[in-house]
Structures are given as C-alpha cells and as structure tokens.
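Enquirer: Protein chains in written order, with numbering that gives the first Met the number 0: chain A, 0 to 137; chain B, 0 to 285; chain C, 0 to 135.
A hint or two may mislead.
[Unchecked claim] Think about it this way: if two alpha-carbon atoms lie no more than 20 Å apart in a straight line, the pair counts; the simulated SDA-like pairs of lysine to any residue are:
id : chain 1 : residue 1 : chain 2 : residue 2
1  : B       : K220      : C       : E91
2  : A       : K34       : B       : E151
3  : B       : K258      : B       : P171
4  : B       : K220      : A       : D116
5  : C       : K7        : C       : T49
6  : B       : K220      : A       : S109
These aren't lab readings, by the way, just hints derived from the structure by calculation.
On a predicted model such as this, the values are computed, not experimentally measured, just so you know.
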Amino acid sequence: MTAGVDLGPQAQAIRSDEDVVRVRQLVRAVAVAVKLSLVDQTKVVTAASELARNTLVYGGGGSVEVTTVDNGRRRGVQIVFVDSGPGIPDLDLAFTDGYTTGGGLGLGLSGARRLVDDFHIDTSAETGTRITVTKWSR
Amino acid sequence: MALSAEESGRLAALLSGNAERVTQRWTEIIAGSLRGRLSQAELRRQVQDLHHAIVSTGEQGAIDLPAENATELRATLSELSRGRARQGFSATETAISIFALKDVVAELVEEAGGDNKLRDYVAYSGLIDELGLFTFESFVRTRESLIADQAEQLLELSTPVVKLWEGVVAVPLVGTLDSARAQVVMERLLQTLVDTGSPYAIIDITGVPAVDTQVAQHILKTVVAARLMGADCIISGIRPQIAQTIVALGIEFGDIATKASLADALRHVLRLTGVETARRQPRRDA
Amino acid sequence: MERVPILKIGDILLVSIQLDMSDQTAVQLQEDLAERIVATGCHGVIIDITALDIVDSFVGRMLSTIASISKVLDAETVVVGMRPAVAITLVELGLSLNGIRTALNVERGMELIAAARADEHEYQLDDDPDAETATP
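In isolation and in its complexed conformation, chain A is listed as follows (with noise of 0.2 Å):
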C-alpha cells in the first residue's frame, strides 16, 4: 500500500510513434499506482492512446503530463495533453462519432470522452490545442 504517497507530474514529449507507447506506458503506471480497477485502466489507457495519436498526428507533436490527482475521497489519473498545432476549428463536429479529417476512424475524440470522467479542451487556431482528461478510481 502506498497511501499518501504521491508520484509527481511525469511529462513525455510526444513526437514520435513510440513516444505514443511510452505515454501509454506510463498512463498505465500512474493508473495502478492510483489502484484504478482493471477495466478504468484500461479504458484511460485507451483514451490517452487516442488523444496522443491526435496530438501527434493533428498538433504536428506535443508533450503530456501525467499527474495524480486527489479529491479528498477518491484519487484519480489526471493527463495533459498540449500540442501548438492549427487547433481544431469546428468542435461539434470533432466530436461527431465518424467524423475525421485525418483518415482515422473519427473515434479519437468522441470516444476518448466516453472513456474519462472529466474531459476539457482548449483549442485555438493561435495558441493550439490543450486537453486535459480525468479519470477517478471508484
């Protein structure tokens, strides 16, 4: 048991197609070390999956934080994504189930929401994009 002990914001760069393994990789440490149940982690490991693709396909590359997070009765998974690409002009449409411009299965975003308890996106065309997801254990 590791109560009380608090891993510290671990970052990644996100530039290449194996720093996509590595953030999931280390999603996946945070998320044990916060004792999600198997199928919570599974499912922020999906979503970090996803939304580090988008950064690197769509934001031309970025970096991720990962953190833990506490509530005062839960801990959670919190991660950052944070890319300086073109943002994302049309969000309703973003968030269609199918719709991609980048020749994906247009589930990155949509389903990425499904798959987090709290999901919040800065995006603009001057400053790029930033998503930060959170997922609770219960």
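Based on the hints, put chains B and C in the right spot on chain A.
Expert: Below, chains B and C without anything else, positioned relative to chain A:
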C-alpha cells in the same frame, strides 16, 4: 507547520539525548489509553520506530511532513495507523499514540530550560499536531478501503456465475440491480467466459424486480462486449413489466436473443451447439 | 522497429501479438500478413491478442483491414483472446469491429475457421444459398 532546520535539529537532539526516557514515558502514556489491548513489547517497538523516524528526519534537516526527506516518517506513521485500524482501535485511540509525545516533549523542554523554551514548545507541538492529523487521515483511508473490500466481497457473494453445461455459463441475477452491481456482475461474467472457454452465456433476470435505463444499458453493453470476445449471450426471464419498461424506454435489444425462461434459453443454446455439430459432420445426417 | 512474428501451422497463419505495438509496427504487420497469405496459400488467419492490454481505434482499424484484405485473398480471419476489460473499453469507445470474426481462444478460433471452410465446401456441393436453413 514545518519546523525550521534549526528547530528540527534541536528536537532531534532533545529526543535522541533522552531516548530511553522518551520511549519509556511515551509507551506508558499510550498503554494507559489503550487499556492493555496491545502488548507492552509491541507498543514499545512501535514507539521506538516512531522515535527513530522523527530523530533521523530531524537530523537530516527541516522536518516538513509532505517533503521528500520525510518519506520514512510518513511510512512509519501510516504503518502505525493501518495496524490500529485493522486491529479495530478507534480513531481517537490511534491519534493519542502520536499526541502522547506532546506530554513527553513538554517535560523535556521544561527541564532543558533556556530562553526559547516556549517558542520551541509551540513549534514542536505544531509539528506533533501535524503528525497526528496525518495519522488520522491514513487511519480513515485504511478504514475506507476495509469497508470497500467488504462491500466488494459482498457483491461477489451475491452474484454467482455458474456453469450450466459444457461451454454454457449462466448468471442468475436476483434482487435490485444498481449500476455498480450490474458492472461487477458483467465483468465477472466476461471473465468467466475466458476462464472456462465457454462461448455461450445466459443472463437470467427472473429475480430482478425492475430495470432502469442504466442497468439495461449495462446488460446491452455486456452482450456486445461478449460478442467482441467471441461469445454469445442470451437474456432469459424477462418479466412482463420489465418488457414494458424496455419498450417504453426505447431501449433497442436488436438481434439479442431473449427467452422466456432459463430452461428455454438452455434449450436454445443446446440446439445452437447441436446444429453446429451437425453442420460440421454433414455426412452423419445423410 | 519491432516486427510481429507470423507462424504457419498447417493451413493457418497464427499471429500472436506479444508487444505494445507502435502504429508503424501495426501497419508493418498488415503488410507482412498479406504477403504471407499469398506466399503460403493459407486459408485461415488467427490473430491472438491475449497479451494485448489495450486495443485502441488504430489497432481496431488494423484488425478490420487485415480481415478485409485476407477475405479478398480467400482467407478467413479470426481474432482470438480479447480480454474482458479490452472488450468493455471497445464498446465504450464505440468500436464495433464489424466484419471481424472473434473467438475466445486459439482452439475455438481454429474450430471456427474449420467450420467456415466446411460451410463453403457444403455450399459448393449443393450450390444452394438456403442450404443452411434447410438442414435440420
């Protein structure tokens, strides 16, 4: 309330200089409050651990509980409160184990004298408060996880997944299904499919008085998930009211097989497997 | 870049994915498999994902593509060993893996391929698309 490096050093010196006396007094005070429910030897060992952790942290510099150099101290405190929580001690009894140090420190500071004695005592006392609160927090956390574990064990008891036939498992659901329970049942069902290599599952809801949209969604998702894994689910025992709810809520059961009773469902599955065997050996029929 | 090995067992190609694949490795596997199907003339492909702790939309799409490609090359693809947590996540993600046959384990997968081949054989004999429903 973190102590400065200087104060920490003084506290460490104070405690280590009077090590035997400190542990002796500390143990006595705790023993009084626990009324013999913990052996003197064990108490003494715990107190020595705590004493050692505080002294060694203080000798390294400022004692700041959340900081990196206090890892050992935090670990010792959590271990103490975990032990107390598991042995059924109350939160007060646990916190007293730490607060007892105040009395000991007060005596020591008084004897040592000096101009700073009041200021020192206030600082030390603040630190001990913090240690006590930390202990209290980890005590609560341990209790919560104990309760969560018990709730989970209860869930598992109430949701058996049984093997009905070679390659056929069933979950007879009884009682109200809330979202959390539905989720646990479904995860267990899917895991049983893997463990037993069964390609068919029957979800029998005869004993379920009502379903809401969320529960129906959970069942539907499970059926789809089972399909992704290469298994088929049949839902049996849908009561008339539940059938009406399902239709009224607009929940689409699509091409999911539903049967009136568990027996019908089993017959259906056996016929399916039978057809499969017949198809694989077409010559036997001819 | 790492490569996923492809084993030939009788008339079946067996791919057991043991590593956390990068997207590039996944695309490479897709190409390697198409080549091996043609080179060996195998009629079945089993992709064992027991070791995969996640399947995201990229890997999901790769599995669908492999199934479609092998179909064109007259081979049946079965994905086996998907973990419960992975299946639950895929449902939530909204990925249905349409057109992919699945089985619980390699053994069941082989049975499924054998049955599919037998079906095809039967259809060829009777030349009757309703044969399945007509058989008792």
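Enquirer: Each hint should be assessed against the structure and marked as holding or not.
Expert: Against the structure, the hints come out as follows:
| no. | hint | result |
| --- | --- | --- |
| 1 | K220(B) <-> E91(C) | 8 Å, holds |
| 2 | K34(A) <-> E151(B) | 15 Å, holds |
| 3 | K258(B) <-> P171(B) | 14 Å, holds |
| 4 | K220(B) <-> D116(A) | 18 Å, holds |
| 5 | K7(C) <-> T49(C) | 18 Å, holds |
| 6 | K220(B) <-> S109(A) | 18 Å, holds |
When each numbered hint is compared with the structure, no violation occurs for any of them.
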